[in-house]
Amino acid sequence: MVTNVTNLSRSGLYDWMAQRVSAVLLAAYTLFLLGYVVLNPGLTYADWTALFSNNAMRIFSLLTLVALAVHSWVGMWTISTDYLTPMAFGRYATILRFLFQVACGLVMFVLFVWGVQILWGL
Amino acid sequence: MNIAVNSKRPVNLDLRTIKLPVTAYTSIAHRISGVILFIAIAGLLWMLDTSLSSESGFEQVKACLQNPFAKLVLWGVLSALLYHLVAGIRHLLMDTGIGEGLESGRLGAKLLIVVAAVLIVLLGVWIW
Chain A
1 MVTNVTNLSR
11 SGLYDWMAQR
21 VSAVLLAAYT
31 LFLLGYVVLN
41 PGLTYADWTA
51 LFSNNAMRIF
61 SLLTLVALAV
71 HSWVGMWTIS
81 TDYLTPMAFG
91 RYATILRFLF
101 QVACGLVMFV
111 LFVWGVQILW
121 GL
Chain B
1001 MNIAVNSKRP
1011 VNLDLRTIKL
1021 PVTAYTSIAH
1031 RISGVILFIA
1041 IAGLLWMLDT
1051 SLSSESGFEQ
1061 VKACLQNPFA
1071 KLVLWGVLSA
1081 LLYHLVAGIR
1091 HLLMDTGIGE
1101 GLESGRLGAK
1111 LLIVVAAVLI
1121 VLLGVWIW
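Protein chains in written order, with this note's numbering: chain A, 1 to 122; chain B, 1001 to 1128.
Possibly wrong hints are sitting among the right ones.
The following residues of chain B were derived to be distant from chain A, with all beta-carbon distances above 12 Å [to be verified]:
id: 1; residue: 1042
id: 2; residue: 1067
id: 3; residue: 1089
id: 4; residue: 1097
id: 5; residue: 1101
Distance windows between CB atoms, simulated [what the hints assert, rightly or not]:
id: 6; chain 1: B; residue 1: 1114; chain 2: A; residue 2: 38; range: 29 to 35 Å
id: 7; chain 1: B; residue 1: 1114; chain 2: A; residue 2: 37; range: 32 to 38 Å
id: 8; chain 1: B; residue 1: 1110; chain 2: A; residue 2: 33; range: 17 to 23 Å
id: 9; chain 1: A; residue 1: 12; chain 2: B; residue 2: 1020; range: 42 to 48 Å
id: 10; chain 1: A; residue 1: 87; chain 2: B; residue 2: 1056; range: 49 to 55 Å
id: 11; chain 1: A; residue 1: 33; chain 2: B; residue 2: 1039; range: 34 to 40 Å
It should be emphasised that the hints constitute simulated quantities derived from the structure, not laboratory data.
Ideal placement from N, C-alpha and C gives every residue a C-beta, glycine not left out.
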């Protein structure tokens, strides 16, 4: 079995599964929210806050936020290991890829904390 | 022997000189749209944060989205989202064994382009 210290679970199969489970959650949330906005043309501030302060919606949003963090990490990791390679960047590839992955992880963590603040700061 | 083998090996993998099949274009577009969405998360969270923070914040986001340039950016981001979504659903179907052959894969890629294009046009109609 091939393992890699920088992927999410050190198992490609587990990453593969995580990418798909998170994708289904993200798709459900996207369709729900787009549908809600399209079907409510005269949306008011009261409707909008009522939607997001509902407990079921908070759980759904938090779940989606976790899925987003997992999904974007696996996606950005895949892209970095495919394109930031020694073939393209020579001996600087490893440090470049590492820095890119650190930046992606850090950005995603900050966005996650921000998202939690938005949902629970209401 | 060694020389003979080496001389016959195809070494040119310069993507710019290779005619890519339609499936390759839909695949790279899936990746590019994913990167666009990753970058867009911050903007979408800002919209959610500001719109939920107060009545005036809600009006501020609404007013911001009346700007033609903002509409264009929103259309771009949501187009990436719709493409990524449709391409992702195709991926899940392929995981179940549907459309993963050579011909069916090509057909699936063409269907993806058509479905995504229709949705993106409808999205544009909705935004403007």
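Hints, verified against the model:
1. 1042: violated, 6 Å
2. 1067: holds, 18 Å
3. 1089: violated, 7 Å
4. 1097: Given that every Cβ of chain A is farther than 12 Å from that of residue 1097/B, nearest at about 14 Å, it holds.
5. 1101: Nearest chain A Cβ is 21 Å from residue 1101/B, so the label holds.
6. 1114/B x 38/A: 29 to 35 Å: violated, 21 Å
7. 1114/B x 37/A: 32 to 38 Å: violated, 25 Å
8. 1110/B x 33/A: 17 to 23 Å: Roughly 29 Å apart at Cβ, these two residues miss the hinted range, so it is violated.
9. 12/A x 1020/B: 42 to 48 Å: violated, 25 Å
10. 87/A x 1056/B: 49 to 55 Å: Taking Cβ atoms as reference, residue 87/A and residue 1056/B lie about 53 Å apart, which means the hint holds.
11. 33/A x 1039/B: 34 to 40 Å: The hinted range 34 to 40 Å is violated for residue 33/A and residue 1039/B, with Cβ atoms some 19 Å apart.
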